[in-house]
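**Q** Below, each chain spelled out in residue letters.
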Amino acid sequence: MKEADDVTNLVTDLSPGRVASEARTSAERAAHEPGGGGTAVTLENVSITFGNHVAVRSVTLQLPARQVTALVGPSGCGKTSVLRAINRLHDHMGGVVHGSVRLGDLDIYGPGVQPELLRSRIGMVFQRPNPFPTMNIFDNVVSGLRFNGVHNRRLLREMAEMALHNAALWDIVKDRLHQSALRLSGGQQQRLCIARALAVEPEVLLMDEPCSALDPVATAKIEDLITNLSRDVTIALVTHNMFQAARVSDHAAVFLLGEDRVGELVEVGPTEQVFETPQDPRTRAYVTGHVG
Amino acid sequence: MSAFSSAETALAGAEAGAGAGPDARLAQAARDRRELMRESARRSLGRRRMTGRVMQVICLIALPVGLAPVVALVYTTIANGAGAVNIGFLVHAPTPPGIPGGGISTAIVGSAEIIGIAMAMAIPIGLFIALFLFERRGRIAASIRFSADVMSGVPSIIIGIFAYSVLVETFHHFSNLAAGFAIGVLMLPIMVRADEEAMRTVALELWEAGVSLGARRSRVARSIVLRGALPGVVAGNLLAIARGVGETAPLLFTLASPTFAMTLLIFNDATQPFPAAQQTAWGTALVLLVFVLTLSVAARAVAWALNRKAR
Amino acid sequence: MTDPVDPSALLTTDPSRRPGEGSGRGGPPGGPAPSWRKDRILPSSPFYAIVRWGGAGLFAALLIGLVISIVSGSSQAFSHSGMGFLWSGTWNPAGGDYAAGTLLVGTVLTTFVAMVIVVPVGLGVSVSLTELAPKWLAGPLGTVIEFLAAVPSIVVGLWALLVLSPVFAAHVEPFLEGLPLLGHLFHGPAYGPSILLASVVLAIMTLPTVVTLSRSALGGVPLADREAAMALGATHWEVIRRTVLPGARAGIAAAITLAVGRALGESIAVAMVIGNRPAVPHSLLAPGATLGSAIVNQFAESTPGLGTSSVIALAGVLLLLTILVNVFGQVLVRGRDARRAVRVGGVPA
Chain A
1 MKEADDVTNL VTDLSPGRVA SEARTSAERA AHEPGGGGTA VTLENVSITF
51 GNHVAVRSVT LQLPARQVTA LVGPSGCGKT SVLRAINRLH DHMGGVVHGS
101 VRLGDLDIYG PGVQPELLRS RIGMVFQRPN PFPTMNIFDN VVSGLRFNGV
151 HNRRLLREMA EMALHNAALW DIVKDRLHQS ALRLSGGQQQ RLCIARALAV
201 EPEVLLMDEP CSALDPVATA KIEDLITNLS RDVTIALVTH NMFQAARVSD
251 HAAVFLLGED RVGELVEVGP TEQVFETPQD PRTRAYVTGH VG
Chain B
1 MSAFSSAETA LAGAEAGAGA GPDARLAQAA RDRRELMRES ARRSLGRRRM
51 TGRVMQVICL IALPVGLAPV VALVYTTIAN GAGAVNIGFL VHAPTPPGIP
101 GGGISTAIVG SAEIIGIAMA MAIPIGLFIA LFLFERRGRI AASIRFSADV
151 MSGVPSIIIG IFAYSVLVET FHHFSNLAAG FAIGVLMLPI MVRADEEAMR
201 TVALELWEAG VSLGARRSRV ARSIVLRGAL PGVVAGNLLA IARGVGETAP
251 LLFTLASPTF AMTLLIFNDA TQPFPAAQQT AWGTALVLLV FVLTLSVAAR
301 AVAWALNRKA R
Chain C
1 MTDPVDPSAL LTTDPSRRPG EGSGRGGPPG GPAPSWRKDR ILPSSPFYAI
51 VRWGGAGLFA ALLIGLVISI VSGSSQAFSH SGMGFLWSGT WNPAGGDYAA
101 GTLLVGTVLT TFVAMVIVVP VGLGVSVSLT ELAPKWLAGP LGTVIEFLAA
151 VPSIVVGLWA LLVLSPVFAA HVEPFLEGLP LLGHLFHGPA YGPSILLASV
201 VLAIMTLPTV VTLSRSALGG VPLADREAAM ALGATHWEVI RRTVLPGARA
251 GIAAAITLAV GRALGESIAV AMVIGNRPAV PHSLLAPGAT LGSAIVNQFA
301 ESTPGLGTSS VIALAGVLLL LTILVNVFGQ VLVRGRDARR AVRVGGVPA
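Chains as they are written, first to last, in the numbering used here: chain A, 1 to 292; chain B, 1 to 311; chain C, 1 to 349.
Don't take each hint at face value.
[Said to hold, decoys possible] Have a look at the derived ranges for each label pair, beta carbon to beta carbon: (1) C:Arg334 - B:Ala68: 31 to 37 Å; (2) B:Leu67 - C:Ala170: 21 to 27 Å; (3) B:Ala277 - C:Pro189: 24 to 30 Å; (4) A:Arg183 - C:Pro189: 57 to 63 Å; (5) B:Gln28 - C:Pro222: 35 to 41 Å; (6) B:Ala79 - C:Arg334: 41 to 47 Å; (7) B:Met50 - C:Val71: 57 to 63 Å; (8) B:Ile78 - C:Trp136: 22 to 28 Å; (9) C:Arg334 - B:Glu35: 47 to 53 Å; (10) B:Trp304 - C:Pro189: 33 to 39 Å; (11) B:Thr170 - C:Leu137: 50 to 56 Å; (12) B:Arg227 - C:Gly54: 21 to 27 Å.
Since the hints were made in silico from the structure, they are not lab data. For every residue, glycine included, the Cβ atom is placed at its ideal position computed from N, Cα and C.
Go ahead and model the full structure; you've got the sequences and the hints to work with.
**A** Right under this line is the structure:
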């Protein structure tokens with residue numbers, strides 16, 4: 001949909017708000033919600049601590065279903081920590097999540113919740129593409145399926161093909177499914193990681209600055225993808241690039257550093273509104289400061 | 001499987017192009033696939049976790065299996081050897097079998113002498129070679145490095161035979177010199193690797209800074225590089241010495257009598273059926289073990305102090 | 001015992017360390033005032049260069065001398081028995097037979113059984129220490145295992161001969177004979193010294209090598225790969241099995257190769273517990289002999305001339321075998337480093 005010259009046109013427009021309102025019309029064209037809206041993930045008063053250090057404080061946020069919510073702000077404000085709290089990746093790194101995180105009605109930190117099952121419903125794409133280096137392309141894509149008990153070969157092939165189509169990678173790799181995943185370029189590897197995450201049919205897809213290691217052309221392709229994917233999947237996108245947020249997201253959550261250097265959620269709302277008419281003075285400062 | 005055929009329909013729909021009807025079918029297909037995955041994940045989790053636990057237990061069992069020999073060995077050596085070791089043991093020379101009051105002093109002195117000769121040979125040469133490798137990058141340096149690596153894998157018994165051919169056969173008698181030579185050759189590749197590594201960790205910039213100011217290569221090398229690499233060299237050489245002290249095979253080919261070195265003494269006494277001889281073997285083993293342990297700990301202490309200073 | 005932990009692993013310094021204090025003025029930016037300015041005693045540089053080149057040359061001479069002495073020392077044996085010495089025949093000096101065949105079998109057999117024991121145990125220990133045990137425990141336990149590497153081989157042999165062998169004869173070997181399926185590997189009278197005992201001793205001695213290198217291989221798998229697996233819903237074991245272990249494949253292969261090289265060359269401890277019977281063993285409980293053990297046991301008593309030459313020829317065979325395995329291992333290690341470089345540098349724009 002958007003090719004490289006489209007990207008340049010958008011970038012020359014100075015205000016993220018303008019970008020947001022233009023992008024939103026196209027996004028509206030692309031998205032549709034047969035089942036209506038609703039909220040996929042709810043965070044209530046969530047704080048995350050690592051030992052004595054508080055990374056982010058008192059976040060209350062909702063991720064609307066089948067829409068793209070961008071978490072924006074400078075580095076170190078806790079956006080990634082919040083993202084990782086949603087699929088319980090902090091369990092392994094010693095981070096403690098306070099407050100409540102719900103997937104629909106389910107308290108994901110509640111007793112009796114199996115993290116493995118949760119993570120098969122909430123997928124993640126990381127900042128640097130991380131395909132499994134010892135597996136070929138096909139095995140990479142179906143790795144999640146195999147983890148979750150799917151071994152029927154025909155089914156695996158079908159679901160792999162579907163996931164690769166959805167990641168706009170099928171035509172590129174269909175003849176070389178058995179080559180090493182490392183032979184792909186960076187942007188292609190990242191789309192492979194997206195396909196891998198999609199193959200498991202998650203309800204939510206968490207994306208942690210997926211384009212920051214990529215060149216502009218690859219970035220544009222993935223931004224296209226995000227807009228298309230949000231038809232089926234709720235997407236939470238962490239990005240420090242406000243223009244990207246403006247292009248791609250329906251809702252924006254702005255994270256900034258508080259006085260005591262602890263991250264906090266400053267403002268959240270529809271993207272166009274947050275960037276064009278921010279309510280909080282800090283948001284305004286951030287949005288305009290970013291441009292000026 | 002209904003979810004499966006929905007997937008097929010979904011694919012067909014995607015290819016045919018989107019519209020109102022196919023969109024609803026697409027959405028339904030997506031929901032079916034999702035349900036399929038949830039079901040599969042739910043059903044398989046129990047089995048997957050059980051497999052994981054079993055494998056983890058198996059791995060953990062390996063821990064005591066792997067640790068038991070060390071522990072048993074050290075314990076037995078201390079238990080059996082402590083009875084034999086006293087001042088007399090260390091100070092007196094061996095007596096003929098059956099006559100009490102003997103010790104292993106000749107073996108201790110002999111081992112010390114042999115190691116001394118080995119160190120005198122290997123330490124300086126190791127430094128020179130390491131300096132050479134440090135300064136040059138060509139194919140010669142690469143092949144020397146490769147040879148050192150290969151040589152450190154050569155069994156010590158073969159080095160013993162080498163020493164035999166070169167020194168024992170030529171001069172027609174066994175000698176501490178030949179033994180020292182063998183151990184020295186053994187230690188050399190280890191020392192070269194350790195020395196070069198220690199030198200490399202000294203700031204390359206310091207070296208270049210010295211050279212760029214017009215100092216002759218020799219002066220820069222001696223003062224800056226050697227001084228900076230000294231702790232690393234000491235630690236690495238201590239480890240090499242610890243290895244050299246414990247070697248037996250080369251001594252078989254170069255020493256006239258087992259009483260001239262501790263390791264050879266153990267080898268000889270262990271295989272004799274006399275309990276007194278075996279007792280001596282345990283005592284000697286304990287002395288050897290303590291010595292090697294001290295050297296290893298000293299090497300680690302030097303390396304640790306080195307890392308501390310660096311911060 | 002055998003080669004201790006790679007010394008360079010101990011020697012990590014902060015590369016910006018300054019070895020001397022500087023007088024500040026006149027030094028290169030960021031560096032101390034060079035202390036060599038105070039040096040009055042200077043060897044002239046050509047002399048120093050000679051010393052360095054001499055060291056390198058001496059090393060080369062040693063290597064070549066080693067090979068030559070083995071080759072020339074064994075020439076008599078080869079002229080007597082021909083190349084068949086290498087792989088056929090048996091070793092029976094009393095009867096006039098000098099050939100390495102049965103000894104080669106013994107060497108390969110003990111090494112093989114040792115690997116069968118040490119690879120699973122070593123991997124199990126490595127996985128336990130890097131993935132399963134808590135950090136405060138893994139450190140000390142790892143140090144204990146590394147200490148095993150420092151124990152001289154003679155002490156291990158002593159312990160194996162005087163402590164392990166009677167235990168084997170009394171308990172282990174009868175037990176193994178009674179096993180349903182595997183029992184066929186273990187039959188015949190058991191007095192202690194045996195192929196099995198020698199293999200166990202080799203396994204004990206190579207364990208630190210396998211553990212240390214495998215641990216570093218396992219630890220070198222990037223966190224990103226593990227997180228990718230976790231994010232897909234893998235269990236802890238599945239992360240280990242599908243991500244960590246495959247990622248460490250090359251390092252583990254190098255570790256095993258190195259262990260094989262060490263096992264081949266170990267002679268003293270093996271000589272003490274293998275029973276010194278150069279014949280193809282019919283059971284793992286039978287005594288046997290390896291190249292190394294034969295050299296140790298026979299050298300002193302060998303008749304000068306053909307006898308001694310044959311012993312040296314055995315050493316030659318052992319050297320060949322060891323070099324082959326070592327070179328193979330070096331190739332593995334360099335291949336792994338090259339592949340890793342491609343991967344790390346390799347995400348193009």
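**Q** Per the hint of 35 to 41 Å, is the separation of the Cβ atoms of Gln28 (chain B) and Pro222 (chain C) within bounds?
**A** holds (40 Å)
**Q** Is 21 to 27 Å a correct range for the gap between the Cβ atoms of Arg227 (chain B) and Gly54 (chain C)?
**A** holds (23 Å)
**Q** Within 31 to 37 Å: is that where the Cβ-Cβ distance between Arg334 (chain C) and Ala68 (chain B) falls?
**A** holds (36 Å)
**Q** Take a look at whether the Cβ-Cβ distance between Arg183 (chain A) and Pro189 (chain C) falls inside 57 to 63 Å.
**A** Roughly 60 Å apart at Cβ, these two residues keep to the hinted range, so it holds.
**Q** Check the following: the C-beta atoms of Trp304 (chain B) and Pro189 (chain C) are separated by a distance inside 33 to 39 Å.
**A** violated (52 Å)
**Q** Per the hint of 24 to 30 Å, is the separation of the Cβ atoms of Ala277 (chain B) and Pro189 (chain C) within bounds?
**A** Check passed, 27 Å falls within 24 to 30 Å.
**Q** Using the beta carbons of Arg334 (chain C) and Glu35 (chain B), state whether their distance is inside 47 to 53 Å or not.
**A** With a Cβ separation near 50 Å, Arg334 (chain C) and Glu35 (chain B) satisfy 47 to 53 Å, so the hint holds.
**Q** Assuming the hint says 21 to 27 Å, is it satisfied by the Cβ distance from Leu67 (chain B) to Ala170 (chain C) or not?
**A** holds (23 Å)
**Q** Take a look at whether the Cβ-Cβ distance between Thr170 (chain B) and Leu137 (chain C) falls inside 50 to 56 Å.
**A** holds (55 Å)
**Q** Range hint 57 to 63 Å: satisfied by the CB atoms of Met50 (chain B) and Val71 (chain C)?
**A** Given range 57 to 63 Å: holds, Cβ gap about 59 Å.
**Q** Measuring from beta carbon to beta carbon, are Ile78 (chain B) and Trp136 (chain C) in 22 to 28 Å?
**A** holds (26 Å)
**Q** Tell me if the beta carbons of Ala79 (chain B) and Arg334 (chain C) are separated by a distance inside 41 to 47 Å.
**A** Given a distance of about 46 Å, which is inside 41 to 47 Å, the answer is holds.
Hint check: a violation occurs at hint 10 only; the rest are consistent with the structure.
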